[in-house]
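So for the sequence shown, my numbering puts the first residue at 187; every next one is plus one.
By construction, these hints were calculated from the structure, which means they are not laboratory data. Hints are supplied without guarantee of correctness; some may be wrong.
What the hints assert, rightly or not - Across the chosen pairs, the derived CB separations fall in these ranges:
(1) 291 - 217: 19 to 25 angstroms
(2) 250 - 210: 24 to 30 angstroms
(3) 288 - 191: 36 to 42 angstroms
(4) 260 - 214: 23 to 29 angstroms
(5) 206 - 292: 19 to 25 angstroms
(6) 281 - 245: 40 to 46 angstroms
(7) 194 - 223: 32 to 38 angstroms
(8) 264 - 224: 20 to 26 angstroms
(9) 219 - 277: 23 to 29 angstroms
Small disclaimer: the values here were computed from a predicted structure and weren't measured. Using N, Cα and C, we set each Cβ at its ideal position, and we do this for glycine too.
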Amino acid sequence: MTAFNNLPGILLRYRIWVGLLAILICAATWTVDLLDLVYNCPYCRAQRTVIGLLGLLLLAPNLRHWLVRYLSAVFAVFGLGVATTQHFGGYARMNRGEFEWGEIWFINPWLLSGCAILIITGLVLLIWTDRASG
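Based on the provided sequences and hints, a complete structural model is requested.
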């Protein structure tokens, strides 16, 4: 349980790998989209792009630089706005009794937008967690 108490510190120690994983998620999901294996969703495209951009910012040599933090905040606000709009649309469909998981439940937009909310929030908090030593 103590590992979870310092999870941000652990992730910051391996931030290059976390950033590369975010870029890999972005690239893989864009590849699936461009190969027309999934529906061309503008919400999903915006979310995956923001995940990739935040991953790139994690590769920056100094996460405390004002420009890195400013850009991460701007990207996160945009990505979270898009993701929450899409996610709330799922709740609205649930309320109307129109929600369906679909045959392939793990590519449901409601589920994926929820994952994007978690990933984007985690990445931006990781960037903003890095503090000056001393």
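Cross-check of the supplied hints:
{"no.": "1", "hint": "291 - 217: 19 to 25 angstroms", "verdict": "holds, 21 angstroms"}
{"no.": "2", "hint": "250 - 210: 24 to 30 angstroms", "verdict": "holds, 25 angstroms"}
{"no.": "3", "hint": "288 - 191: 36 to 42 angstroms", "verdict": "holds, 38 angstroms"}
{"no.": "4", "hint": "260 - 214: 23 to 29 angstroms", "verdict": "holds, 24 angstroms"}
{"no.": "5", "hint": "206 - 292: 19 to 25 angstroms", "verdict": "holds, 23 angstroms"}
{"no.": "6", "hint": "281 - 245: 40 to 46 angstroms", "verdict": "holds, 41 angstroms"}
{"no.": "7", "hint": "194 - 223: 32 to 38 angstroms", "verdict": "holds, 34 angstroms"}
{"no.": "8", "hint": "264 - 224: 20 to 26 angstroms", "verdict": "holds, 21 angstroms"}
{"no.": "9", "hint": "219 - 277: 23 to 29 angstroms", "verdict": "holds, 24 angstroms"}
Checked against the numbered hints given earlier, this structure breaks none of them.
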